[in-house]
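Undergrad: Residue-level listing of the chains:
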Amino acid sequence: MRMRGMLAGLVAVTLLAGCGGGPADDADDTVTVFAAASLTDVFTTLAEEFERDRPGTTVRLTFAGSSALANQIVQGAPADVFASAAPAPMRTVTDAGHGDGEPVVFARNQLVIAVPKGNPAGVAGLADLVKPGVKVALCAEQVPCGAAARTALDAAGVPLTPVTLEQDVRGALSKVTLGEVDAALVYRTDVGSTDTVQGVEFPESAGAVNDYPVVVLADAPNPSGARAFVEHVRSARGRAALTAAGFQVP
Amino acid sequence: MRAPGRRVPVALLVPAVLGLLFLVSPLVGLLVRTPWTELPQRLAEPAVLTALRLSLVSATLATGLCLLLGVPLAWVLARVEFPGRRVLRALVTVPLVLPPVVGGVALLLVFGRRGLLGGWLDATFGITLPFTTAGVVLAEAFVAMPFLVIAVEGALRGADRRYEEAAATLGAGRWTTFTHVTLPLVAPGVTAGAVLCWARALGEFGATITFAGNYPGTTQTMPLAVYLALETDLEAAIVLSVVLLAVSVTILAALRDRWITSS
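Just so you know, the sequences run in chain order X and C. So for the first sequence, the UniProt record's numbering puts the first residue at 1; every next one is plus one. So for the second sequence, the UniProt record's numbering puts the first residue at 1; every next one is plus one.
Treat the hints as calculated values from the structure; they're not laboratory data. Every value quoted in this text rests on a predicted model; they were computed, and no experiment measured them. Hints may contain errors.
To be verified - Output of the computed footprint for chain X on chain C, the stretches with three or more beta carbons under 8 Å from beta carbons of chain X:
id, region
1, 111-124
2, 213-221
3, 225-234
Stated by the list, open to error - Quick partial rundown of chain X residues pointing at chain C, CB under 10 Å, derived from the structure:
id, residue
4, ASN71
5, GLU141
6, VAL143
7, PRO162
8, LEU165
9, SER174
10, GLU180
We put the CB at the ideal spot given by N, CA and C, even for glycine.
Could you build all of it, start to finish, from the sequences and the hints given here?
TA: If you want it as structure tokens, here you go:
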């Protein structure tokens, strides 16, 4: 009995040690896409279309903050495509020699002020965010939505002190959804993703537009699949999906 | 020659060594990649010191709160017979296995501005807990308290009840018996629990960022600073991680020899 338990333990250890090389066999028909968190909805749609067009192909999507994804790629994560929410994380990847060719900008996103439905705090523009008692969530400046927010606030000359600096744009949005803050600066596309918040446009956001670049990665296990996916994103259907999600398409 | 009874069977030794390597190698990896030459100047950065100070203060306050509430809770669970005790004991340990982010969301739903209690606190006293250091303490205490309760309850169950009975026969009231007999008896267990509780609070990330948010000086503890540093600067994230690791290991090692093994 005791021996059997020990054997089971050894088998488990062996299995754990052996599962490193698994997915390589089906690399031919799998495209691994690392994409910014703000692309979650639209890239899920695009991936479904892509898979429908090419039976047998699987798109594996990983969504996170662009900078975190860029670091993972530089650290050797096996991805085929990288779509970033800003040029800076893309530069992290291309400067380290991980880009196959030049990244192309496929979408642009603009900031809006997200407020709970009905706008209880009566926010009409950036200046209202510094009114006493108004709690605001921003993204941390280390992530693209935070950098864009800083640019917009500086351009408007609004000395805003947020109550929290969230680690990504969805974190900031959820603080509004939960009613913990009165407003947050998020992308226009994020406001469209939930019906408990509404967006308030502000003119200064035009000066803080985020370019979304995409690139095929130099170490892509599936370079042809990667190129095909990027083409799909830039195709007429891809552009239509991006526009429908609230992105501007160059 | 060692005595045969002390010899370790290979079937145990091999997985034991593998287990040890598995646990220790990530720590070694961290130390290997640490930019040691830059370390002193990185450490002197005010942002690092602010996050470290906040971490130490909030973990200590959270441990205090856990002691205040957790020791009596452990006593009730160990000493009082009542229906539903099993269920209650299970509930107390839920935060151990609950994903911390879920804990953070749950805390928001109760103590948040729109929460069951938080809404009332806000409307009546103008107190809001999210985005404050008090919120950090609350999040840390929620996640760390089970460590204390389990340790103290175990110690209480293992303690010899005859001392308490003797105290009672000598005329000591229940409270006096608790403070003068029971507590000293289980002191090592309480300390061990408090140390684990403190270490868990120090490392808390998910519940803190979800419930208390992230703002330097008020809610940005070391784990949050590490996560954000990772977005832009791997070296900075490594330095912060090494500091947190050093603080945790120092405290755990110092107190483990002294307290945990003696219980």
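Undergrad: List, from low to high, the hint numbers that the structure doesn't satisfy.
TA: Nothing - there is no hint that the structure violates, so all of them hold.
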